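Fit chain B to the given chain A structure using the hints.
Quick note, the sequences are listed as chains A and B, same order.
Quick note: the first sequence uses our numbering, first residue 1, plus one each step.
Quick note: the second sequence uses our numbering, first residue 1001, plus one each step.
There's no promise every hint is true.
Here are some, though not all, of the chain A residues that point toward chain B, as calculated from beta-carbon distances under 7 Å [as the list claims (entries may be wrong)]:
#, residue
1, 8
2, 120
3, 132
4, 263
5, 266
6, 267
Just so you know, these hints were derived from the structure itself, not from any lab.
Because the structure is a prediction, the values reported are computed rather than measured.
C-beta: ideal position from N, C-alpha, C; glycine also.
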Amino acid sequence: MEFSLFLQNMVNGFSLGSMYALIAIGYTMVYGVLRLINFAHGDIMMVGAYVCFFGMVSLNLPFIAAVVFAVTICAALGIITDTIAYKPLRKAPRISLLITAIGISFLLENLFNVIFGSEPKAFIVPEYLQTVLTFGDVTVAISAVLVPIITLILLAITLFILYRTKYGMAIRALAFDIHTVNLMGIDANLIIAIVFALGSMLAAIGGVFWSLNYPSIEPMMGVLIGLKAFAAAVLGGIGSVGGAVLGGFIIGFTEVVVVSLSPEFSGFKDAFAFIFLILILIFKPTGILGYNFEKSRF
Amino acid sequence: MKKITTLALSLAAISSFGFAKEITIAAVMPVTGPVAAYGQTAYEGVTLANKMRPTLKNGDTIKVVLLDTRGEKVETSNATTRAISQNKAVGIIGELITANTMQVMAIADKSKIPVVAPAATSDKLLDNVKFGSRVCFMDSFQGKAAAEFTAKELGYKTAVIVVDQAQVYSLGLAKTFESEFVKNGGKVLSKLKISSGDKDFKAIVSQIKSKNPDFVYVPTYHPEASLLARQAKQINLNKPMVGSDGVANPTFIELGGDAVNGFIFSDSFDASNPPTELSKKFLDEYEKDKGTRDIAGFTALGADAYFVMVEAMDKCADPSDSVCINDQIHQTKEFSGVSGVISIDSKGNAIRSVVMKEIVGGKPTFKANVNP
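Chain A extracted, bound-state conformation (with noise of 0.2 Å):
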């Protein structure tokens, strides 16, 4: 492989990474609170995706100001999913709340379905994200390089509010023992609830990054990032912050190495991002910088 190219797949891997990465967090972040494998925070990145596309067509809003609403949008919706179909179900086995998070998924997809329709739609990507920077042979556009450095920014700024604010702490001792917490006289619904804004509002961030990058949206472009964004929590161990990011960029690079290294097997690129996933999972079971599962707490 030429040095070009090699770099030109380091940009590539470095910008899809990231994007899992952003999603990753949210999966990481619930699953540290509540034991829940959210698994309609892939759908949520849809609704962002499509909030800011609505945001932009129809209210006419300027760009960065689509994304607000996207944003704050998501917000409330992560916490309406938490306050409708997962707050009932605190004290109920942890199967019935995996259930419903697979039924809040297939709701959405499928209300986006019916408002929008099912076929790709054109996302509209300003003109100043779309410049294309060049550095030698390598050729990148504007919002492939905002991507991994927004996601850095955003991760920054969730380690800073996790272990330098009080509500930081409060995530994580709820995160070691949800009952006490209740004792101590934190609301530990109030908590979750903030946990939920904030996995959806980087969800959101994720949604509308993967549609400047890749401009088609549809209802169920959440699916398989989601599940991807999933693995990569999973890989860099649930629970752990900065474990998710590890992860995306390992599944990114994973999907990017595989198509350049051998061309016949490009095809597969999905295949080889769970292989990978099974490979380090078999050897180190709570994944890259997991602890054990009942003591980790981010």
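For chain B alone, coordinates are given in the frame of chain A:
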């Protein structure tokens, strides 16, 4: 509920006794789902053709029922079964995608219901069926036309092929294209595989860029082809792309935006050069209806599937005799349809021309005509 329906049906049967009958043709098509663009454009053609010719020679009226397949295999077989058992269709037009059309034909064959495929181009489509036929060209011809056009007319020497390994259609086209392109003195540098539903083609386009071919052959459906073109533009891969009739619809241009300008593809029909009397009439009708003369290739093919079937029904003593209709379809000779002159052989395959087009300024424009 079932009893009421039966009662209503028998009442309807009694009341219509002695008058002209109503004969049902089912359009089994994806009007929603990821490839809804195909079904919608083709159905437009079927309904307009039905409007232009709503009755048979003996006075029977033809009713077209639409059954949505959502582009999925399971839904396709449900829709086909419904068309045959509930709607009592004497003939089926559809599906659009090769894999789904095979499904329709497998089911209809058991009930001896003739199926006319408007746009399924795979060579293997009619291998195991007796009651199937099509009005579109075959991939072996479409791929050959693309290979000859690029090698001879455009003088390209090297190609990279991007093939959708999840679609029989794409695999078949890539295969014929490769052998024909090599026969014409070209060289295939690499074959890259994708799967339907993929969104990220950045690694693929980077790979193409490093191979530096004269052009890229992309025989995939429009959701993938449009994203591939867009991502190629993002990394400044300014190589010409050549595709197949999988991109011959307006949604492709909508999804691809500026990135698909210069995209060359094979299609069955060009609205700016109506090849027959019927195409002129059809274009006039379409303009009256929709206010434009821009007709997608699939609209013309949908109409032709209808006309060929009705033509065959007219030749049968009993126009609801499915076996006779099928025989007559297989004997179609030089039928001047909307999309061109079509002959159908005893197996059901159509012999017809291919049109090469290029997208210029967001509009498909005529480049060349390739005859068999």
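Violated hints - listed by number, lowest first:
The structure breaks none of the hints.
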